[in-house]
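Residue numbers (our numbering), protein chains in the order written: chain A, 1 to 335; chain B, 1001 to 1298.
For the record, the hints were derived by calculation from the structure and aren't laboratory data. The beta carbon of each residue, even a glycine, is placed where N, CA and C say it ideally should be.
Stretch-level coverage of chain B by chain A, calculated; a stretch enters the list once three of its residues show a Cβ under 8 Å from a Cβ in chain A:
{"#": "1", "region": "1087–1095"}
{"#": "2", "region": "1110–1124"}
{"#": "3", "region": "1229–1237"}
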Amino acid sequence: MSRLGGQVKPPSLVRHPMVWFGVALYVFPYLVVALGKSTFNASEFLVWAIFATGINLLWGHTGDLSFGHGMFFGWGAYSAGLMSRQVPFVPFDLLFGAAVAMAVAWPLAKIIVRRATGIYFAMITLAVGEMFFFVAIRLTSITGGENGLGDIRLGTFFGIDLSSRVNFYYLSAWTAFIAVGAAWFVTQSSFGRVCRAIQQNRARVPFLGFDTVRYRERAFIISAGICGVAGGLSAFLLRHVAADTLRWTNTGAAVLIAMLGGVQSFFGPAAGAVAVKFLETTLIPKTKFWPAVIGLVFAAFVLLAPGGLAGLAQQVRMLFRRKPPSAPELGERAA
Amino acid sequence: MVSVLAATSGGHQLFDLFLNGVILGAIYVLLALGLNVILGLIGVINFAHAAFYMLGAYLTYSWASHIGFLPAVLVAAVVVGVVGMVMEIGVIRPLYKRIPEHALLATFGLTLVAEQAVRWHWGDYAVNLDPPSFLSGGFSPGGFTFPAYRLFVVAATAAVVGLVWLLLNRTNLGLVIRAGVLDAEMVGALGINVPLAFTLTFGLGSLLAGLGGAMVGPVAGIAPDMANSIIILAFVVVVIGGLGSFWGSVVGGLLVGVVRSVLVYWWSPATELVPFLLMAGLLLVRPRGLFGAEGVFE
Chain A
1 MSRLGGQVKP PSLVRHPMVW FGVALYVFPY LVVALGKSTF NASEFLVWAI
51 FATGINLLWG HTGDLSFGHG MFFGWGAYSA GLMSRQVPFV PFDLLFGAAV
101 AMAVAWPLAK IIVRRATGIY FAMITLAVGE MFFFVAIRLT SITGGENGLG
151 DIRLGTFFGI DLSSRVNFYY LSAWTAFIAV GAAWFVTQSS FGRVCRAIQQ
201 NRARVPFLGF DTVRYRERAF IISAGICGVA GGLSAFLLRH VAADTLRWTN
251 TGAAVLIAML GGVQSFFGPA AGAVAVKFLE TTLIPKTKFW PAVIGLVFAA
301 FVLLAPGGLA GLAQQVRMLF RRKPPSAPEL GERAA
Chain B
1001 MVSVLAATSG GHQLFDLFLN GVILGAIYVL LALGLNVILG LIGVINFAHA
1051 AFYMLGAYLT YSWASHIGFL PAVLVAAVVV GVVGMVMEIG VIRPLYKRIP
1101 EHALLATFGL TLVAEQAVRW HWGDYAVNLD PPSFLSGGFS PGGFTFPAYR
1151 LFVVAATAAV VGLVWLLLNR TNLGLVIRAG VLDAEMVGAL GINVPLAFTL
1201 TFGLGSLLAG LGGAMVGPVA GIAPDMANSI IILAFVVVVI GGLGSFWGSV
1251 VGGLLVGVVR SVLVYWWSPA TELVPFLLMA GLLLVRPRGL FGAEGVFE
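Looking at chain B on its own, in the form it has when it is part of the complex (with noise of 0.2 Å):
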């Protein structure tokens, strides 16, 4: 593809936008598939996923002056896999008995919340982070340009892909997950404790979320109306993917990011309007998304 791409006259620029949508992919998988592990694994559509993000990159910002930027990513991550956690205790487990929209309603109220939190704290402006001067530099191997940063963001989102797939697919813990999705009560008599597996899957959702976040920002910037924008594109990038679907995720959050960043070559709009059209195309062709499966939530 890239040749082809090179032997057009604007070849050069479709490649740093093809390049581009692939970076912007990579923060859409993380952040899709955080959701989508909670929807799939817990039932429960988090409306504050974005929130996290968002705090992933405030807290990277924060910190990063003071413990290095690598350093900063990592704990910002884990930071808020524990509000994540300490959410799920506090606010949803009380509504698993309920209809899932509860969960949607409540989450959707803490987003409020973190918004102005965010602007009480770090301000209403937006605040730039550079990455890191190891990461700055770039190769730029037949003319074609790779900025170092972008190249990272890329590789540690397939390594944490790989490692999320792992956890949930060859460890004990997904077994006992995956196991409680199906029948809670089954698997509490089995003497393993539910509640606790479910909590650490919010966290890892939530995690998920914070590292998009905190590595977004020498990307894209840094601002409170960040997870307001984002929010709408990680849904649309799940319902494309299919509901519960883990690989869904990760092809659907490349081929948003991909065509929304190539297409303003040709038609700029294209940004905002082309991840929508892509779904309600789908949906027409496919209701439950590229790879959702029968009977899931409905």
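Here chain A stands alone, though its shape is the one from the complex (with noise of 0.2 Å):
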């Protein structure tokens, strides 16, 4: 588990934490089979595990938490789907997606990374997403409106045809490599200190000298970027787009699935996602009332576990540990 802040060298490439990250992306199909899903299911986990990353690169490096980042989801989507009837060639659609999700970004957060903070964030993104729903479902002649978008062409990878499931599959993988990776690099990089140090204190770093409005705009841009993509990877997933995706229950979820992995680890909301789908997925034919359970889950671990997954995973290292933990842990954990 790699900690964001204070990595004094960077690790050898056999100890990268991304070199793990693909060897468990490789693995992972085997294992959600051996658990009795589908491939199809794996695919949709990693939609989700690149969401939840792309939301706590927002929320858990800046500490802005946005409820309207299902827009960004929903505009990668609508916006691959639809380059996918011109250019059928999926990674050039994808990054179509992406690119459309920042631009459309770059504007509110000029707009609102200024203006708001806190709670009031969280309110106007809402809003703002929920208005972009609103317009998706008006725009019927080009979204498809409550019907959704159809017929998003797959096309085939050099040859190779993605309709197959288990392709499917290597195509998400990749995806989630990619994006996944790129959200490790900007942790990781300058830029990423700073808006770590923001999240822990945001009044104290003007005075280093960052303007920390411009920080968190162009975090927000980033993730903005990322959502885009697994909502890019989930229309060609799932053959179509919802409108509903852009709605505010699908980022209360993504954000909640973050919550729940860990928001202070770095691969804690992916492994939060794929916790949280493969619950779903087992719940949904059993009971109508799934959401239920997955409400009270979600409650219970706000309460009990703010660390969330990675949180568990860390008290339970401590209890295995002889010598005492380092100052900087401790102070980790406090936080």
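Assemble the dimeric complex from its two separately framed chains, guided by the hints.
Here it is, written out as structure tokens:
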């Protein structure tokens, strides 16, 4: 498990967390299938892993909780889906989706980030996201309105048939590797360090000469791009985009997934996505009241384990350790 | 304004829309006021607020045929207030020491539970609640129709807003709550039970949501997704009015209700979009909303 702050020397290539992440992506579908789910589910879990990582890039790093990132997921999904009709080449369409999401996020960041923080920020992003939802269901000629966007063309990837579930998983895995890798790169850069500092003490960072608003704006835009990739991938996975994906219920679920995984750790949200979506796919055939179970799990985690799965793992590790924890680790747990 | 509207060709229709907007606005006022009282005084944003509103509506629906409409409205509102207090003690109180976002997320989780609970007990489909017989008529002076039930909603809302204002500003409880917001530790040191005051405040806010829901049934119908669609509007009203501002919620609620309803006359998608456009436009000019004070929640 990597910690986002205070890493002194870069990890060697073999121990590099992204290498482990790649290995995990390779093993993941076998595990999912062994536990009774399908390869389709494995791709679905990855979509949510990217989404939660994207949201956490903003929330876990700058402390801005957006309740409207579903709109970037939706923008990515619609743009990638529409572009696939012109250019049926998935990597290009995904990039296009991310670019559109970032292009939409840019003016919004300029308007919102400077003016709002905290719960005000959450409420305003939520309202803006909901506004795009209503726009999407009205623009029936483009988005398909309430029926959603269909006719999404997968095409082939240099002769590989992507309509096969297994091949599509490899596409999802590469997308997740690149998108999450980009997020990792951002968090490890000096930019990411400043964002962390903003999260920990927003008032002091300006005294170091950093313009906090600019950093928060950029984090907002980058996280929008990653959510856009997740949206694009979901469009290709489901071959359909529902307007509901833009709604606050979707964003709220993703935010809680990130929290359940652990916002203080980089891979926590991705792990949370897998855990929650796994639980969800298990519950859906059993009871139609499954959202109630998920809701209870969410509320229980917020109340009892705000550090999420990653926080719990950390506590377990502490139990099995002889030497006392170092000061920075203690500080980290307190935060 | 009424005479101006009457002079135009669609005057009557416009007037109906305007009156509808005032009713909608009254419901928004109750909802936003409850949300804003909790937010302004305790600093917690309660996502489950609209779930309380929905609960109020369904309880009234269930009880109106047994104990009569008006008693059902009152009992439903009080029961919702009690449910709110229980939730405050069980879920919100442990989160006071954390960042406010955690209370937002915990209550969001609970809304998922609430919606399923309603679907489980009352079913997936919308239900109808008729206004009581003594409020089912209407007056029509000069050709304009005033349905009695709608006038009742407006009058009741105005009375409740007045009472809440008096409670918060002219009673000892209000004093304790407002002092507790400024410095809970110091107020506690004076021998006052601050957690109890917070619980009562939370109950009051929930009661307002329950009351709004209890009265909305005959106007807008009752369905398990009514919470999801209205919570955003309540947030928008609070943001437009200004976080923590009492009169902001009142003015914002009426403004959103009326504008939303009247603009349908010219452009029907306005119903959904206008509250957001209003909010966005206002935030560009006044980032803290109409009556928001500087430094609140920043």
